[in-house]
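Chains as they are written, first to last, in this note's numbering: chain A, 1 to 378; chain B, 1001 to 1126.
Treat the hints as calculated values from the structure; they're not laboratory data.
Be aware that a few hints might be false.
[As the list claims (entries may be wrong)] Calculated cross-link-like contacts (lysine-lysine; reagent style BS3-like; alpha-carbon spacing at most 25 angstroms):
hint, chain 1, residue 1, chain 2, residue 2
1, A, K277, A, K174
2, A, K34, B, K1092
3, A, K218, A, K292
4, B, K1011, A, K34
5, A, K308, B, K1046
6, B, K1092, B, K1048
7, A, K34, B, K1121
[Stated by the list, open to error] Beta-carbon label-pair distances, calculated as ranges:
hint, chain 1, residue 1, chain 2, residue 2, range
8, A, W274, B, I1115, 53 to 61 angstroms
9, A, N59, B, P1044, 32 to 40 angstroms
10, A, N59, B, H1111, 26 to 34 angstroms
11, B, T1075, A, D156, 54 to 62 angstroms
12, B, T1106, A, F235, 24 to 32 angstroms
13, B, K1011, A, T264, 54 to 62 angstroms
14, B, N1006, A, L31, 29 to 37 angstroms
15, A, K339, B, G1096, 22 to 30 angstroms
16, A, K369, B, K1048, 29 to 37 angstroms
Please read these numbers as outputs of a predicted model, since none were measured by experiment.
In this text, a Cβ means the ideal position worked out from N, Cα and C, and glycines have one as well.
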Amino acid sequence: MAFETIQPLHMLTEEKEGLKHIALEETHQSLGAKMVPFAGYNMPLQYVGINAEHENVRNGVGVFDVSHMGEFIVRGPHALDLIQRVTSNDASKLTAGKAQYSCLPNTEGGIVDDLLVYCVDEHTFMLVVNASNIDKDWNWIASHNHQQAEMINISDRTSLLAIQGPKATATLQKLCTHDLASIPYYSFIKGSFAGVDNVIISNTGYTGAGGFEVYFDKEHSEKIWQSIFEAGQEFDIKPAGLGCRDTLRLEMGFCLYGNDINDTTSPIEAGLGWITKFTKDFVNASNLKEQKEKGTTRKLVGFEMVDKGIPRHDYELLDAHGIKIGIVTSGTMSPTLQKPIGMGYVSKELSAEGSEIFVSIRGNALKAKVVKIPFLKK
Amino acid sequence: MNFPDNLLYTKDHEWISIEGDTGTIGITDFAQGELGDIVFVDIPTKGKTLSAEAIFGTVEAVKTVSDLFLPVAGTVLEVNAGLEKSPESVNKDPYGAGWMVKVKLTDPSNHTGLISAAEYKQLIGV
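The shape of chain B in the complex, shown without the other chains (with noise of 0.2 angstroms):
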């Protein structure tokens, strides 16, 4: 499994990639191992400014459905349009092709709530 040292994560299984007032966001190597084959993300919320932690969309396996939760506060920008054709881009490339949303940081230097790559694994036992 494969956690690069430049993103910074959540212990509810998101990553975010900060540049400026930008997040990229997506779910991690680990959520979608143990997710399995993703067959539909549904992110409603292109627009609207939520707050950390609120639910921002859901991803669905075969078997399951999990809601996702925003790292940090923000505003929806841009949802992945390219996961409407081929979800299973989260099961094969999660910090590429897998990202779900980018979203303008209501606060780009509030870090609440994120963890290192390290601290990360250490959490799931890796």
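Okay, chain A solo, but in the shape it has when bound (with noise of 0.2 angstroms):
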């Protein structure tokens, strides 16, 4: 069999020597984490198997160790500014311990990443960004830092662990005195965690299951790691490794940058209309909100599979005359609704919900169906 995984794994010495280390890379591989490249970085791809870490995130706790996405402090009398001018969404409705997604338009039409912005006080913000993309985000927001708001990269002495599931809130609230069940959804407080100051407890993920991701000075990494699961053992807290993250955040409909949205994809074929918000002037904003009024000729959509096949990223959508009218974007089997869900860019005229379209498997043009996103109902 032509394995993907098992070539690139014995690959993986070469390729490993040039990646970063996060600080947890032996504790995770103490505890059986098959680790990959990723981003850049050595990360946990899995533990015990993704399934079973995907569940036990949608039922009980599961703990990632996401330590290389990226963090930029921007402070000072115009930070705001700064923000308003590279992001999409509108910042200045952030109030201190408010956060926002929100995206970096280019000015070909097209996304330099999507990002999550921090309000920490009025002068301060924390964006958190792709870790394949800290350069690059790094680059395109100081080029358009005319006003010198202060720019500080805090990635490489930043972890982040998402404590994620139906039993986070009270996994984590044996950790601090600050009641984790008041903090509304993309909220945050910073405060004492574990015995360890200034950690940022923020009510946000990437999986639909609930519950809290917390950033902290790296040098704290082991002992708020140990805390946690001590605190989750009664929970039956696990790891969690970034496949079951991909398959958690497809379920929700959540975009992945680079396979969903890229360079070339507009925020408002991708759905992102809702942080795309034209009451400020921003990159790139006149011409997406004449995409907006105008419509656009493709969008992203989410199907499920009618005929016995898994999509894929990058398998062709075709429609019923076999016309290829996208491209699958994300595909996989849904580890919680036990079957074959995907993401793609098809044309405008077959994106409602219910149409009929076909992903092309391996020569065989198999059936799906348009449906709506999220995947997974609450």
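Taking the hints as your guide, dock the two standalone chains into a single complex.
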């Protein structure tokens, strides 16, 4: 059999040499993680298996180490101006302790990256970006920083753990005094957590399972990791790898940069109109506004397979006549729904819910139907 | 990991059990472990006569798709129907319930390209 996994695994000895290392790499290895290169970092793909980890996050509580993610502090009297200029969402709506999902549009109609914008106070923001885009984003934002907002890249000294699942709040509540249940979605506090000061505890995530993300100085990584696992023991807390992070986010229809959105996809056609606010001026706003008003020729949709087959990234999407109408951007067997699901760009005519489309899988056109996302209904 | 001595193996991580002119074929314990949770086994070649190393199907894990190569030339007689409902059998029991196809061998005496359990273990470094 031709393995996509085995061959890279054997080649990793060479590839791994240039990789960056997260603080808890040895901890993950000692837990039996299969480590793979991801966005330039040596990261845990899975520990016991993607399906088991997926289910544990949906039904219990799991911990993702996503310390590869990038964090930039932007501060000073012109910090908000800079963020308003480079991001699509309206950051002026943020107050201290609030966060928002946003993206960095480029001038060609595409997306430099998607990100979270945290408002620490009126003049201090934290931007959380994808690991693979840290340098690209930094340079892009810096190139628009004409009023000299202070920018600090804290990516290399910051650890980020995502504690996700219905038992996450009860687990983490043992480690801090602030009432976590009182923190609304997309809000955060900064305080003492597991005996460590200055930890950001944010009611956010990428799983749809509920829970928190905690940001802290990486020197405390071991202590915080151990504390979380002790606190979660009664809920059978388990580590969760990037493999199930992808299946969890896809069940929710969340976009993954590099798959569903990239330098050539517009936020409007990607269904990110809700984070594209024309209440302010920003990079490429006039073109995106025109797209929003006139509509786009293609749209990102979710679909489920009708015929037997699993859609995968880059497979072609066809109409009933076999004409190519787009491309699969993400696809998997959904562990929760136990059926194959995918997302992809299709022509506007075939983007309505219920539309019949076809996925080209190993030379066969297999039937699928467009469905509403999220795939997983509450 | 388990590699029964009574089976023959390929460097592409298939196993074959030969009885007379019939071969039963699957993937090795090492292969299933590397792939992780197997969610779909697609074998569209029933009834076809294929040469050695021809692709007879694909096995899909949650995140990966891998081609399956026929260890020796033959005609695909039977596909394991149990894998349609329970593809995870390949993970749980790769040499038993996880078998994939039965093949009528074109030349039962030709074992070119097949290696012993000991040789296979050496190949994967266990």
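Quick rundown of the hints versus the structure:
Of the pairs offered as hints, the one joining A/K277 and A/K174 is violated, with about 39 angstroms between alpha carbons and a cut-off of 25 angstroms exceeded. Our distance criterion of 25 angstroms between C-alpha atoms is met by A/K34 and B/K1092, whose separation comes to about 19 angstroms. At most 25 angstroms may separate the alpha-carbon atoms for a hinted pair to count; A/K218 and A/K292 exceed this at roughly 42 angstroms. Annotation: proposed proximity of B/K1011 to A/K34 holds, straight-line Cα distance about 22 angstroms (limit 25 angstroms).
For the suggested pair A/K308 and B/K1046, the alpha carbons sit about 17 angstroms apart, so the restraint of at most 25 angstroms is met. For the given pair, B/K1092 sits about 28 angstroms from B/K1048 by alpha-carbon distance, which is inconsistent with the 25 angstroms threshold. Restraint check: the Cα-Cα separation between A/K34 and B/K1121 comes to about 20 angstroms, which is no more than 25 angstroms; the hinted pair holds. Restraint check, A/W274 to B/I1115: a C-beta distance of roughly 57 angstroms satisfies the suggested window 53 to 61 angstroms.
The beta-carbon spacing between A/N59 and B/P1044, approximately 36 angstroms, falls within the hinted interval of 32 to 40 angstroms. Restraint check, A/N59 to B/H1111: a C-beta distance of roughly 49 angstroms breaks the suggested window 26 to 34 angstroms. At roughly 59 angstroms, the beta carbons of B/T1075 and A/D156 sit within the given window of 54 to 62 angstroms. For the hinted restraint 24 to 32 angstroms between B/T1106 and A/F235, the CB-CB distance of approximately 57 angstroms leaves it violated.
Between B/K1011 and A/T264 the CB atoms are about 40 angstroms apart, so this pair departs from the stated range of 54 to 62 angstroms. At about 35 angstroms, the CB distance of B/N1006 to A/L31 agrees with the hint of 29 to 37 angstroms. Range check, A/K339 to B/G1096: about 27 angstroms between beta-carbon atoms, so the 22 to 30 angstroms window is met. With their beta carbons about 31 angstroms apart, A/K369 and B/K1048 fall inside the hinted range of 29 to 37 angstroms.
Against the hints set out earlier in the document, violations occur for numbers 1, 3, 6, 10, 12 and 13.
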